[in-house]
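Each chain is listed here by its residues.
There are 2 protein chains.
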Amino acid sequence: MNNFSFQNPTRLVFGKGQIAKLATLIPAEAKIMVTYGGGSVRRNGVYDQVVAALEGRNYVEFWGIEPNPRVETLRRAVELGKAEGVNFLLAVGGGSVIDGTKLISAAIASDEDAWALVLKGADRGGIPLAAVLTIPATGSEMNSGAVISREETHEKYAFYGRYPEFSILDPEVTYSLPDYQIACGLSDIFVHVMEQYLTTPDQSRVMDRWAEGLLQTVIEIAPLIRANKTDYRTMADFMFSATMALNGYIAQGVTEDWATHMIGHELTALAGITHGASLAIVLPATMSVLRDQKGDKILQYGARVWGIDGGTTEERIEATIARTREFFKSLGLAVSLTEAGISLDVIDTIAERFTASGVHHGEAANVDGEMARRILEACK
Amino acid sequence: MNNFSFQNPTRLVFGKGQIAKLATLIPAEAKIMVTYGGGSVRRNGVYDQVVAALEGRNYVEFWGIEPNPRVETLRRAVELGKAEGVNFLLAVGGGSVIDGTKLISAAIASDEDAWALVLKGADRGGIPLAAVLTIPATGSEMNSGAVISREETHEKYAFYGRYPEFSILDPEVTYSLPDYQIACGLSDIFVHVMEQYLTTPDQSRVMDRWAEGLLQTVIEIAPLIRANKTDYRTMADFMFSATMALNGYIAQGVTEDWATHMIGHELTALAGITHGASLAIVLPATMSVLRDQKGDKILQYGARVWGIDGGTTEERIEATIARTREFFKSLGLAVSLTEAGISLDVIDTIAERFTASGVHHGEAANVDGEMARRILEACK
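Chains R and E are the protein sequences, given in the same order.
Last residue of the first sequence: number 379 in numbering that gives the first Met the number 0, and the count goes up by one each step with no gaps.
Last residue of the second sequence: number 379 in numbering that gives the first Met the number 0, and the count goes up by one each step with no gaps.
Isolated chain R, as found in the complex (with noise of 0.2 angstroms):
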C-alpha cells in the first residue's frame, strides 16, 4: 500500500422517513439557503418532505441548478446567499446540485469570483452545506469533489470544496427516477470504482475485495432495477453503493486512473452528453488502449467479477473488455460514439485540448493528447 492520509467526516443518514431529520440535523440558528435543480422534487414529494421538514426555520430558495451545473447559474445563487446572509447551504437534488452548492459554499465566503475559484482547483474555506439526495450516481453526498463547467468557453474542471455536514438518502426517492437516469448512474458507479481500482495487482488486499464487492453488487442489481424500481431493497443497495463509490473508502493507500473520466469530461463539454452515458462509451476503449499495462489487474478483475478464467491472456482480456462492454449495452446505452451520435470532430478537438493543457492523465501519466486520440479512435 501507498502512504495515505484519510478522513471522511460527513455523517451519512440513510433510510426511510429520514428527510424529517432535517429539522434537527440543521442548526437551529441558521441562515439556509435550499438548493434545487429543476422541478423533479416539485413531482416525487421531496420538495414536500423538505419543506414540512423546515417549517419555522429561516430560509431562502435557489431554483435552476442544471445537469452539469454551470458557474453562470452558480453566480447567481452565490449573490442570493451574500445578499441574504445565508450560513448554511442545503442541497436537494443530484450530484449536479450538490457540486454546485460546493462552489456556492465557498464563493459565498470568499471575495473571488466563483470560477477563479474552480481554476484553482480547491477551497475548503465555505460554510457549511448540506444534502438531500435524489439520484445515486456521483457520490458527491459524501465527499469534497464538484465538477464545474463554464457554458461560455465549453470547459469543464474538477473543484474541491467541503464535505457535506451531513447527507440524507432515502432510498425512496429513486422510485421515480427516468430509466434512462438510472442506467446513468449505475454506469457511473461503475466507472467511478474502476477508476480506482483497474490500475496494477498487489497494492491492497482488502481495497481490490472492496471495489469488486461493489463491481459485483452493482451487475447483481441492474437487471434487478430494470424488472422493478419499487423495490426498497434493490433501491437501497443501489443508493448505498454509489456513495460507497466515491467517497474515499476504496481509494486508501491504492493508486488511481481517472483518464475515462476526463475523456467523458471532455464528451459531454462538447457534446452534451450525459456524464455516465460519456463513461460507457470510453471505459472499454481505454481498457482495450492501455490493455499492456492494465493486463494483470484486467485479468483478476475478469476472473473474480466475470468469472472469466479460461483461455490464453490475450483471450481472457478481450473477454473481460467484452463482458464490460456488454454491461454497458445491457443498461441500455450507446457504446460507441456513432451510436451516441456524436460527430467524430470531438477527436481531434479533445486531443488537441489535452495536448495543450500539458498534463498526462492516468496512473501511469500517461494518458496525453496523443493517448485520449488513440482512445477515442478505439471509441468509434
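Please note that a few of the clues may not be correct.
Said to hold, decoys possible - Here are the simulated SDA-like cross-link-like pairs (lysine to any residue), alpha carbons at most 25 angstroms apart as the crow flies:
hint, chain 1, residue 1, chain 2, residue 2
1, E, K155, E, A121
2, R, K296, R, R324
3, E, K15, R, D201
4, E, K228, E, I346
5, E, K15, R, N1
6, E, K228, R, K81
7, R, K81, R, G120
8, R, K15, E, G247
9, R, K119, R, A22
10, E, K15, R, G252
11, R, K228, E, N1
12, E, K296, E, I320
Claimed, not checked - Label-pair distances were calculated between CB atoms; the ranges are:
hint, chain 1, residue 1, chain 2, residue 2, range
13, E, E65, R, E60, 56 to 62 angstroms
14, E, A27, R, A115, 28 to 34 angstroms
15, R, A318, E, G310, 49 to 55 angstroms
16, E, H359, R, G306, 53 to 59 angstroms
17, E, E325, R, A318, 32 to 38 angstroms
18, R, E60, E, G55, 19 to 25 angstroms
19, R, P222, E, N1, 52 to 58 angstroms
20, E, A363, R, K328, 42 to 48 angstroms
21, R, E71, E, Y174, 55 to 61 angstroms
22, E, T199, R, N57, 40 to 46 angstroms
23, E, R41, R, G306, 48 to 54 angstroms
24, R, T254, E, A355, 53 to 59 angstroms
In short, the hints are calculated from the structure, not lab data.
Ideal Cβ positions, reconstructed from N, Cα and C, are used throughout, including at glycine.
With chain R's structure known, arrange chain E on it following the hints.
Quick look at chain E alone, frame taken from chain R:
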C-alpha cells in the same frame, strides 16, 4: 437495509515513517499526556520515534496500561492528567492502551469516578485523544469503543468515549510482534467481521461483500505472515484489515451479533485468556448452537469465503463450521476450553452472570444465560 446514521471522524494516517507526523498533527499549544503499556515500545523503536517527533513539545508520560486495561490503573492516569492540566492524550500501543485512554479522556473532563462512567456506558465529552497503533487487532484506533476491566470484581464492560482525532498506522512497527500476539490479532479481526456479518442474509449486498472481502483477506494473509512477518505488503494488509473490521464501515444498515464477544469477555475476566484466543474457542460453538437461526448466512459464508457448495444443507453447514475451527487451529490457537486449560467451572459462572444481568445478547436477543451455557458446553 435498516435505517442508520453513521459518521466516523477519525483521520487515518497510514504508512512508513508516519510517526514523525505527530509533530504537525497535535495542536502546537497542547499539554499532552502520552500513554503507554508495558515496555515493548522501548525495544521496537516506537518509543524513540515518538520522543523524536515530540521534541520541544509540552508532555508527560504515563506507563503501565495493561492488557484488558483496569480502571484501578486508569484512575492513576486520570489523577496525573488532572494534576498536570493535560488537554490532549496520545495513546501509543495496542487496543488496550487506546481503550484505556478513551476512559482517561472522559474521566479527565469529568468530576465522576472513572468506573461510574464505565457503568453509564458512554461519555463523549472527554478531552481529545489520538493514537499510534502498535498491535493490529481491536480496531480501537478508529472507533469510539473501549472495554474496561475492574480487577476487584472481575467485571469487564464496554464503554463508548470519543473517537481518536487521528491514528497513525505504520505497518513496520508490527515486524517485531510475538507470533502469539499476531495470532490473537488475526482471530480478533476475523471475529469482529463475523459479529457484523453472520446474522441473516439479504440485508445489504455491499456490506456482505465487504465483510467477505475482509474475511478472505485475513485467511489469505495468515499463512503468509507465519512464513514472513517482515513483508511490508502483507503486514500492511494485516494492519489495515484490523482497522477496517471495526470502524463501522461494514456495519452500516445491518444487524450485528456480538454474543461471541460477550462470552469471550467473560472467559478473559474469569480465566485470564487473551481476548483473541477466547474468540477462537467461542465462535465455532456459537455457529453450531445457533445454526438454525444463522443457517442461511452460514451457507452464504461457506460458499463465498470457503468455496463450500456441495452436499446437503446440513453437510455444508457442518463443513463450514469445521473450516472455521480449522482456521483458528491453523493460527496456533486452542479451539476448546480444555485445550486452553480453562476449568469447566466457568460455564456455570458465566451462565449465572448472563442470567443475573438480564441482558439477552445476539442479533435475535436470545443469548441469555441458558443459551450461553449451551454455547459454552459446545466449547468443552
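Evaluation of the provided hints:
1. For the given pair, K155(E) sits about 15 angstroms from A121(E) by alpha-carbon distance, which is consistent with the 25 angstroms threshold.
2. A hinted pair counts as satisfied when its Cα atoms are at most 25 angstroms apart, and K296(R) with R324(R) qualifies at roughly 17 angstroms.
3. Straight-line distance between C-alpha atoms of K15(E) and D201(R) comes to about 17 angstroms, which keeps the hinted pair within the 25 angstroms bound.
4. Under the criterion of a C-alpha separation no larger than 25 angstroms, the hint pairing K228(E) with I346(E) is inconsistent with the structure, at around 36 angstroms.
5. For the suggested pair K15(E) and N1(R), the alpha carbons sit about 9 angstroms apart, so the restraint of at most 25 angstroms is met.
6. Between the alpha carbons of K228(E) and K81(R) the distance comes to roughly 58 angstroms, so the proposed pair goes past 25 angstroms and is violated.
7. For the hint linking K81(R) to G120(R), the alpha-carbon distance of about 22 angstroms falls within 25 angstroms, and the restraint holds.
8. Only pairs whose Cα atoms come within 25 angstroms are accepted, and K15(R) paired with G247(E) is accepted, the gap being roughly 20 angstroms.
9. This hinted pair does not check out: K119(R) and A22(R) have alpha carbons roughly 35 angstroms apart, beyond 25 angstroms.
10. A hinted pair counts as satisfied when its Cα atoms are at most 25 angstroms apart, and K15(E) with G252(R) qualifies at roughly 12 angstroms.
11. Between K228(R) and N1(E) the CA atoms are separated by roughly 19 angstroms; this keeps the pair inside 25 angstroms, and the hint holds.
12. For the hint linking K296(E) to I320(E), the alpha-carbon distance of about 12 angstroms falls within 25 angstroms, and the restraint holds.
13. Restraint check, E65(E) to E60(R): a C-beta distance of roughly 58 angstroms satisfies the suggested window 56 to 62 angstroms.
14. For the pair A27(E) and A115(R), the beta carbons lie near 32 angstroms from each other, so the given range of 28 to 34 angstroms is met.
15. For A318(R) paired with G310(E), a C-beta distance near 32 angstroms fails the hint of 49 to 55 angstroms.
16. A hinted range of 53 to 59 angstroms is violated for the C-beta pair H359(E) and G306(R), which are about 42 angstroms apart.
17. The hint said 32 to 38 angstroms for the Cβ distance between E325(E) and A318(R), and at roughly 35 angstroms that hint holds.
18. Restraint check, E60(R) to G55(E): a C-beta distance of roughly 53 angstroms breaks the suggested window 19 to 25 angstroms.
19. Range check, P222(R) to N1(E): about 25 angstroms between beta-carbon atoms, so the 52 to 58 angstroms window is missed.
20. A363(E) and K328(R) have their C-beta atoms about 44 angstroms apart, which keeps the hinted 42 to 48 angstroms range intact.
21. Against the hinted window of 55 to 61 angstroms, the Cβ-Cβ separation of E71(R) and Y174(E) comes to about 57 angstroms, which satisfies the hint.
22. One distance hint, 40 to 46 angstroms for the beta-carbon pair T199(E) and N57(R), holds here, with the actual separation near 45 angstroms.
23. Checked against the hint of 48 to 54 angstroms, the C-beta distance between R41(E) and G306(R) comes to roughly 51 angstroms, which is consistent with it.
24. Checked against the given bound of 53 to 59 angstroms, the beta carbons of T254(R) and A355(E), roughly 55 angstroms apart, stay inside it.
Of the numbered hints given earlier, the model fails hints 4, 6, 9, 15, 16, 18, 19; all others are met.
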